[in-house]
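Each chain sits in its own coordinate frame; assemble them with the hints.
In order, the protein sequences belong to chains Y and H. Its first residue numbered 1, the first sequence is counted upward by one per residue in this note's numbering. Its first residue numbered 1, the second sequence is counted upward by one per residue in this note's numbering.
Any given hint could be a false lead.
[Stated by the list, open to error] Cross-link-like lysine to aspartate or glutamate pairs, in silico, DMTMM-like; alpha carbons within 20 Å at most:
1) Lys249/Y with Asp12/H
2) Lys172/Y with Glu57/H
3) Lys108/Y with Glu49/H
4) Lys107/Y with Glu21/H
5) Lys107/Y with Asp22/H
6) Lys328/Y with Glu21/H
7) Lys108/Y with Asp20/H
8) Lys107/Y with Glu57/H
9) Lys172/Y with Asp34/H
10) Lys52/H with Glu160/Y
11) Lys52/H with Asp170/Y
12) Lys249/Y with Asp39/H
13) Lys52/H with Glu158/Y
14) Lys108/Y with Asp34/H
15) Lys107/Y with Asp20/H
16) Lys107/Y with Asp16/H
17) Lys108/Y with Asp39/H
18) Lys108/Y with Glu57/H
[What the hints assert, rightly or not] Facing chain Y, according to a computed beta carbon distance under 10 Å, are these residues of chain H, among others:
19) Asp16
20) Val30
21) Asp42
22) Leu44
23) Asp45
24) Arg51
[Unchecked claim] Listed next, with one range per pair, are the computed distances between beta-carbon atoms:
25) Pro59/H with Tyr88/Y: 29 to 37 Å
26) Phe167/Y with Asp62/H: 19 to 27 Å
27) Ala137/Y with Asp39/H: 26 to 34 Å
28) Gly132/Y with Leu23/H: 25 to 33 Å
29) Glu158/Y with Asp29/H: 37 to 45 Å
30) Leu23/H with Phe167/Y: 23 to 31 Å
31) Asn179/Y with Ser87/H: 29 to 37 Å
32) Thr2/H with Trp83/Y: 42 to 50 Å
Don't read these hints as lab results, they were simulated from the structure. Note that the Cβ used here is the ideal one computed from N, Cα and C, for glycine as well.
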Amino acid sequence: MAGRGKLPDAVASDVSRAADDKNVHGKEGFIAFGRLLASDFLLAHPLNLPRIVITGVGLTAPNGNSLAEFRRSLLTGVAGIEWLDVRYMGRLLAGVCHYDALRHQNKKEVRVGTRAGSISIWCAREAIADSGVAFEAFPKDRIGIYIGCTEHGNVETENEIFAISKFNYDTKYWSHYHNPRTVANNPAGEASLNLGVTGPAYTIGAACAAGNLGLIHASQMLRLGEVDLAVCGGVSESIHTFGIFAGFKSQGALATNDVPARASRPFDLARNGIVVSEGGCLYTLERLGDALARGARIYGEIAGYGVNSDASDYVLPNPVRQAECVRKSLANAGLAPADIDIVNTHATATLLGDIQECEAIRAVFGEGCPRTHINNTKSFIGHCMGAAGALELAGNLPSFDDLTVHPTINVDNLDPACALPGLVLNAPVKAARVDTILNNSFGMLGINSTLIVKRFVA
Amino acid sequence: MTNEECKKAVLDIIADIAPDEDLTNVKPDVRLRDQLQLDSMDFLDIVMELRKRHGIEVPEADYLRLASLDSCAEYLTPKFNALAAKS
Chain Y
1 MAGRGKLPDA VASDVSRAAD DKNVHGKEGF IAFGRLLASD FLLAHPLNLP RIVITGVGLT
61 APNGNSLAEF RRSLLTGVAG IEWLDVRYMG RLLAGVCHYD ALRHQNKKEV RVGTRAGSIS
121 IWCAREAIAD SGVAFEAFPK DRIGIYIGCT EHGNVETENE IFAISKFNYD TKYWSHYHNP
181 RTVANNPAGE ASLNLGVTGP AYTIGAACAA GNLGLIHASQ MLRLGEVDLA VCGGVSESIH
241 TFGIFAGFKS QGALATNDVP ARASRPFDLA RNGIVVSEGG CLYTLERLGD ALARGARIYG
301 EIAGYGVNSD ASDYVLPNPV RQAECVRKSL ANAGLAPADI DIVNTHATAT LLGDIQECEA
361 IRAVFGEGCP RTHINNTKSF IGHCMGAAGA LELAGNLPSF DDLTVHPTIN VDNLDPACAL
421 PGLVLNAPVK AARVDTILNN SFGMLGINST LIVKRFVA
Chain H
1 MTNEECKKAV LDIIADIAPD EDLTNVKPDV RLRDQLQLDS MDFLDIVMEL RKRHGIEVPE
61 ADYLRLASLD SCAEYLTPKF NALAAKS
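Isolated chain H, as found in the complex (with noise of 0.2 Å):
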């Protein structure tokens, strides 16, 4: 997986818990909370999004990584390819 099929991941978990937001123009280096109406309940929808999509745990210490879309394509892709490797 790459990093911009990693983003797409995290932005098709967005589209579903924040049905109301345009996703069209998202920076990809901003903090994701700065341009979009996400609150703490949001985020652990996005961690559980991942857990039951992809398999990916995300431990409540790295939650920060998941600020922005580059972000988290820095830290999820890794994950993706890992479990890939395994499968």
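So that you can see chain Y by itself, here it is in the shape it has in the complex (with noise of 0.2 Å):
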């Protein structure tokens, strides 16, 4: 419970004032930057940051629409892959969410929003309702929504493009929704409207890291004082744009198989590519005070991470810059490679992506981790862009308790190039311990993200 070393000037300058302000306002004590409490400090991480904890899940999968359901997927082999037929160029394999969007919304508002806004929604209401958080009560002013997305405005756009193709493209019959269907922020702005939330409410643009980056940039915001409660991870719409399967198609990375269970195989010689996904994950994140104040159950702590970005080409991923964005989490985590249980890869089953991540991990994890299990939750659910940081944490959370860790499923052949020491393949495997759990999502421009948890130990 007490901090770690002792405060920096001017954070026990904050820890004295907020101190006195305690005296003058009582338990609601403010310093000049948020309510950040004393006590906040004293629940410090190693830098001295306030300690950062998750106490609810809100998710939809290809293959659960709860924690529950997608973790008992993820044990017993169930994958969530089916065919969709996608505008201009039939059937295809993809990942469909199957929540119902009418036990948070209206008709209209299904009809008026996106996808993507539902998606964040529901994701949003059943994090909060799973915090157990006293939120109608709670200051909505106090809470922040941060939601990662790959891309957003593609499928409002080809639908409305494809809609006046039908009138001669007048631009006439181009919708009036357009414009707030396809601004950026629109996932969280939907949520926000839906739960009256008033507090920031935006959008992370990340392609494929973006989930983890919700994470992220929402833990900062926490530890600034800027909101009390943070919503926060990502979401997708993608499977509703044809573009972006047209896209990894004319790269040659689109996934194809005659069983759709069997098309997501990261690792496996056989793999020819993506598996486009939707769905959506939604954490709350807390600072620890105001968690164990309020008796919060909670999954896990954010233990560290690190961001960079490549900064050598539009697609091809850079071993070198993803081994150091895991390097650089682990320092902020103060943990070393040997300290770390699950390693859950990013890995998107294309040829060279996938062994160009196992370069990373074993330039990092060598071979002297022998307690590293590391998994793929994609040859579950495909690639769920957005999401995909935020779903894959969850589908790993649960490890925590069950000391079980979920395996990369569909490697008949693995490929010699991607034989990982730990490496989980086809059913999962009991853990002595499981106290960590590291999460890498990387995406197009060379935007690299790793994400640690850990258990939480008071």
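In structure tokens form, the structure reads like this:
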């Protein structure tokens, strides 16, 4: 519970000021930049920043609409890939979510809004309910919504162009909803409207690293005292745009397989590309002091993170920079590679990308990490794009409790170039200890993110 | 087209753009916004759907003529009939 080491002068000054304010204002002591209590610094992480914990999870994945369903699917080998009719392209493989949108939206909200907005609302409502926070009474201006997206606006733009094509491309038939549907903040904005949240609500564009970035940015905002509760993670509506399928197909990176459940196969010699999926996963994050004060269930603690850029290519990954990102996250968390129990890979089942990530992991973890397990969640659900990082973390969080590591499925013949020690193939394994999860998510234009979550220990 | 058929055409549009509303007892002489949850974007939807489904243009200066079902019928029925006569 106690702080780790001496507080920096500036922080110590704030603690003192907060303590003074506490005397004046009672329990709700404020300092200049937000509601940071002295106790938040006493419950500080190694850099003397407030510790941030996960207190709620809301998700929709192609193979489950709650953490329990999702986890059950991952432990019993249930993939969530199916055939989907895609405009201009025909029947393609995709990960499709089947949540009940009308649980949290009325029909008009579904009609007027976007799929990404609807997924955001579902995940946010489910996460808040799961957290047990007294939401109705919670000051809505002290809640932040930070949602990672790979892209946004393509779905609606394609729909509108298709619609006016029926009217000889006369733009007087262009929808007046086009702009509110396609602004980059749409998914977070729709969630703020639905929830009545008046604090900051915006999206973070970071290609397929975006899900992790949602959590990382939220942690930073909580530590700065900008908000007291963060709803954060990532969402994707990408399966509703033909462009993403066509783009991957043109790159030679779109998966094909006669059997949908076998289509997403990272690390397998027969892998042939990405299965595009939709999905979403939002968490509630809080400062540890607040979570403890209300007796919240704590799923895990944000241990550290790394974010960097390749600065080398539009689409090709860079294993040197990926390794740097992983090392950066370890340094930020104050952990050594051998301290990591699960590495959840980003691998998307492209020929080159999988090998390069394995090269990066090998460079950091080498052969000296006997207790480190390595797995991949995309083998079940395909690539959920902006939601990927957040969903894949969720798929592994229960490992803290059940000491089980979900596998990478569909590996019939392991590519020797991907044969990492500790790779969990095709069936779950029991682990003697799961105290840390390291989650990789990388994206186009060379954005890399690594997030480490650890078991909460007071 | 009769006035009643015109009102039904308008109600069919409203049923799609306001799917949560109960339209069984819409009073024809009362402003639509006073009895249904309709905002300005919804009215733009009505205008757009009249254009898309029926080829009817409603200039902005005439938007107030769509206030109630009765005023819709009074304003739109001649337009429907003029279009029918052309085709």
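Hint check:
For the proposed pair Lys249/Y and Asp12/H, the alpha carbon gap of about 41 Å is over 20 Å, so the pair is violated. Taken as a hint, the Lys172/Y and Glu57/H pair is honoured in the structure, with Cα atoms around 10 Å apart against an allowance of 20 Å. At most 20 Å may separate the alpha-carbon atoms for a hinted pair to count; Lys108/Y and Glu49/H meet this at roughly 16 Å. Restraint check for Lys107/Y and Glu21/H: satisfied, since their Cα atoms lie roughly 10 Å apart, inside the 20 Å limit.
With a CA separation close to 13 Å, the supplied pair Lys107/Y and Asp22/H stays within the 20 Å bound. Between Lys328/Y and Glu21/H the CA atoms are separated by roughly 54 Å; this puts the pair beyond 20 Å, and the hint is violated. About 6 Å separates the Cα atoms of Lys108/Y and Asp20/H, which keeps this hinted pair within 20 Å; it holds. In summary, the hint linking Lys107/Y to Glu57/H is not supported, as the alpha carbons are separated by about 27 Å, beyond the 20 Å threshold.
With a C-alpha separation of about 29 Å, the suggested pair Lys172/Y and Asp34/H falls outside the 20 Å cut-off, and the hint is violated. Annotation: proposed proximity of Lys52/H to Glu160/Y holds, straight-line Cα distance about 13 Å (limit 20 Å). For the hint pairing Lys52/H with Asp170/Y, the CA-to-CA distance comes to about 11 Å; that is within 20 Å, so the pair holds. At roughly 42 Å between alpha-carbon atoms, Lys249/Y and Asp39/H are farther apart than 20 Å, so this suggested pair is violated.
A distance of roughly 18 Å separates the Cα atoms of Lys52/H and Glu158/Y; the hinted pair therefore holds under the 20 Å criterion. Distance hint between Lys108/Y and Asp34/H is fulfilled; the C-alpha atoms sit about 18 Å from each other, no more than 20 Å. In summary, the hint linking Lys107/Y to Asp20/H is supported, as the alpha carbons are separated by about 6 Å, within the 20 Å threshold. For a cut-off of 20 Å, the pair hint linking Lys107/Y to Asp16/H stands: about 10 Å separates their Cα positions.
Proposed proximity of Lys108/Y and Asp39/H is supported: the alpha carbons are some 12 Å apart, at most 20 Å. Note on Lys108/Y and Glu57/H: the hinted pairing is violated, with a Cα-Cα distance of about 24 Å set against a maximum of 20 Å. Interface restraint check: Asp16/H against chain Y, minimum CB-CB distance 8 Å, threshold 10 Å, status holds. Because the smallest distance between the Cβ of Val30/H and any Cβ of chain Y comes to about 21 Å, over 10 Å, the interface hint for this residue is violated.
With a least beta-carbon distance of about 8 Å to chain Y, the hint placing Asp42/H at the interface is held under the 10 Å criterion. The closest approach between the C-beta of Leu44/H and any C-beta of chain Y is roughly 5 Å, which is under the 10 Å cut-off, so the hint is satisfied. For Asp45/H, the shortest C-beta to C-beta distance to chain Y is roughly 8 Å, which falls under 10 Å, so the interface hint holds. Given the 10 Å rule on beta carbons, the hint for Arg51/H holds: about 7 Å separates it from the nearest Cβ of chain Y.
For Pro59/H and Tyr88/Y, the hinted distance range of 29 to 37 Å is satisfied, since their beta carbons lie about 36 Å from each other. Between Phe167/Y and Asp62/H the CB atoms are about 21 Å apart, so this pair conforms to the stated range of 19 to 27 Å. Separation of Ala137/Y from Asp39/H is about 29 Å and conforms to the stated range, judged on CB atoms against 26 to 34 Å. Checked against the hint of 25 to 33 Å, the C-beta distance between Gly132/Y and Leu23/H comes to roughly 40 Å, which is inconsistent with it.
Take Glu158/Y and Asp29/H: their Cβ atoms lie about 43 Å apart, and the range 37 to 45 Å holds. For Leu23/H and Phe167/Y, the Cβ-Cβ distance of about 27 Å falls inside the hinted range of 23 to 31 Å, so the restraint holds. Distance hint check for Asn179/Y and Ser87/H: the Cβ-Cβ separation is about 35 Å, which falls inside the suggested range of 29 to 37 Å. In this structure, Thr2/H and Trp83/Y meet the distance hint of 42 to 50 Å, their C-beta atoms being roughly 47 Å apart.
Going down the numbered hints, you'll see the structure goes against 1, 6, 8, 9, 12, 18, 20, 28, while the others check out.
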